[in-house]
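**Q** One-letter residues, chain by chain:
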Amino acid sequence: MKFAVLQFPGSNCDQDCVHVLRSVFGCPTELLWHKEYSVGDADAVFIPGGFSYGDYLRTGSIARFSPVMGAVKEFADNGGHVFGICNGFQILCEAGMLPGALIRNRSLQFRCEHVYLQTATRDSPFTGQIPEGKNLRLPIAHGEGNYFCDDKTLQSLEDNDRILFQYVDAEGDLTDHANPNGSLANIAGICNEKRNVAGMMPHPERAAEPALGGTDGRLIFESLIAALKTQSTLAPA
Amino acid sequence: MRSLGAQYFEGMKAKVIITPKRAVLDPQGKTVQTALEHMGCAGVREVRIGKYIEIEMDGDRETVEAKLSEYADKFLANPNIEDYRLVFED
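For the record, the sequence lines run as chains A and B. For the first sequence, position 4 matches number 4 in our numbering, and the numbering has no gaps at all. For the second sequence, position 4 matches number 4 in our numbering, and the numbering has no gaps at all.
This is chain A alone, in the form it adopts within the complex:
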């Protein structure tokens, strides 16, 4: 199981992702500079958090035109798994690989805190191993995490079970108060139609070891690793 983690000028969670994939899960992982034209032999690609290109113009708007994003798009079009965290989610939306956009937080504040998430569907390669009914406690750190899309898109996300995570309170209730950024329908993460591309604002890579105060993030990595294993077992040799 091989992973690639993209690195743009201004990425700052790239090493965290690499660390978790290599040290916590023992998976060979390559850091891929944004000027690369191929994702190599990676089984899945992570687009990490940070402030690519200083968040100039709009978050993710410049990174999406990096050479490596052409390769990532082709990889995803061929069924490859791509997961964007925070700025990675913003980049995937800007690239049109996920619908909608992440706009300025409703409060105008940069929010850096732990949130609770309910897993809205376990039917995805990114959520399959999350126990039924378990809410995840993960950190967020963003100023532009307010998910927005038009009504038709939101309907389609709901109808096709493409909302992966929603912000809830500590009791697990989906309330406006639990929504840290004003996202429509408390959306914290979604996937594409083919379910092989997903993005989320919270940081699972920052909650994958007990020393960091929580390990709920591991479940997302474990889900993807399990899905990739199943896929490679099913694929013709």
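Simulated from the structure, these hints should not be mistaken for lab results. Just to be clear, a hint being listed does not mean it is correct.
Stated by the list, open to error - Some chain B residues close to chain A (C-beta under 8 angstroms, calculated; not the full set):
1) Leu25
2) Gly29
3) Val32
4) Asn80
As the list claims (entries may be wrong) - Here are the simulated EDC-like cross-link-like pairs (lysine to aspartate or glutamate), alpha carbons at most 16 angstroms apart as the crow flies:
5) Lys51(B) / Asp55(A)
6) Lys15(B) / Asp60(B)
7) Lys194(A) / Asp159(A)
8) Lys67(B) / Glu54(B)
9) Lys194(A) / Glu158(A)
10) Lys21(B) / Asp55(A)
11) Lys21(B) / Asp151(A)
12) Lys67(B) / Glu56(B)
13) Lys30(B) / Glu46(B)
For every residue, glycine included, the Cβ atom is placed at its ideal position computed from N, Cα and C.
Since chain A is already given, all that's left is putting chain B on it; use the hints.
**A** For chain B alone, kept in the frame of chain A given last:
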């Protein structure tokens, strides 16, 4: 140095004015509106905050307009959340 005010510039001077779409929440606009009200500026109905980009470009108006529209659609503005208009200075 070539600038928007320089007389010898022979291309086009364009302004791209980008605003959040009506349906999109504009927390900056709302905050400024509230501040205006608190300062005693009565009668403010709405404040929307967008972006303003000045571009100097070689070519005649038609060419520049076509090119900038293309790049505004795919890069300068995000059609999911923003509207834009091009303004030319002769």
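**Q** Could you run down the list of hints and mark each one as holding or not?
**A** Here is what the structure says about each hint:
1. Leu25: Interface hint status for Leu25(B): holds (6 angstroms vs cutoff 8 angstroms).
2. Gly29: violated, 10 angstroms
3. Val32: Cβ of Val32(B) sits 11 angstroms from chain A, so the hint is violated.
4. Asn80: holds, 4 angstroms
5. Lys51(B) / Asp55(A): With a Cα-Cα distance of about 14 angstroms, the restraint between Lys51(B) and Asp55(A) holds, given a limit of 16 angstroms.
6. Lys15(B) / Asp60(B): Between Lys15(B) and Asp60(B) the Cα gap is close to 15 angstroms, so the pair holds against 16 angstroms.
7. Lys194(A) / Asp159(A): Measuring from Cα to Cα gives roughly 14 angstroms; hence the hint holds.
8. Lys67(B) / Glu54(B): holds, 14 angstroms
9. Lys194(A) / Glu158(A): Between Lys194(A) and Glu158(A) the Cα gap is close to 15 angstroms, so the pair holds against 16 angstroms.
10. Lys21(B) / Asp55(A): Status violated; Cα separation ~20 angstroms.
11. Lys21(B) / Asp151(A): holds, 14 angstroms
12. Lys67(B) / Glu56(B): Distance of about 12 angstroms is within 16 angstroms: holds.
13. Lys30(B) / Glu46(B): holds, 8 angstroms
Violated hints, in rising order: 2, 3 and 10; the structure is consistent with all others.
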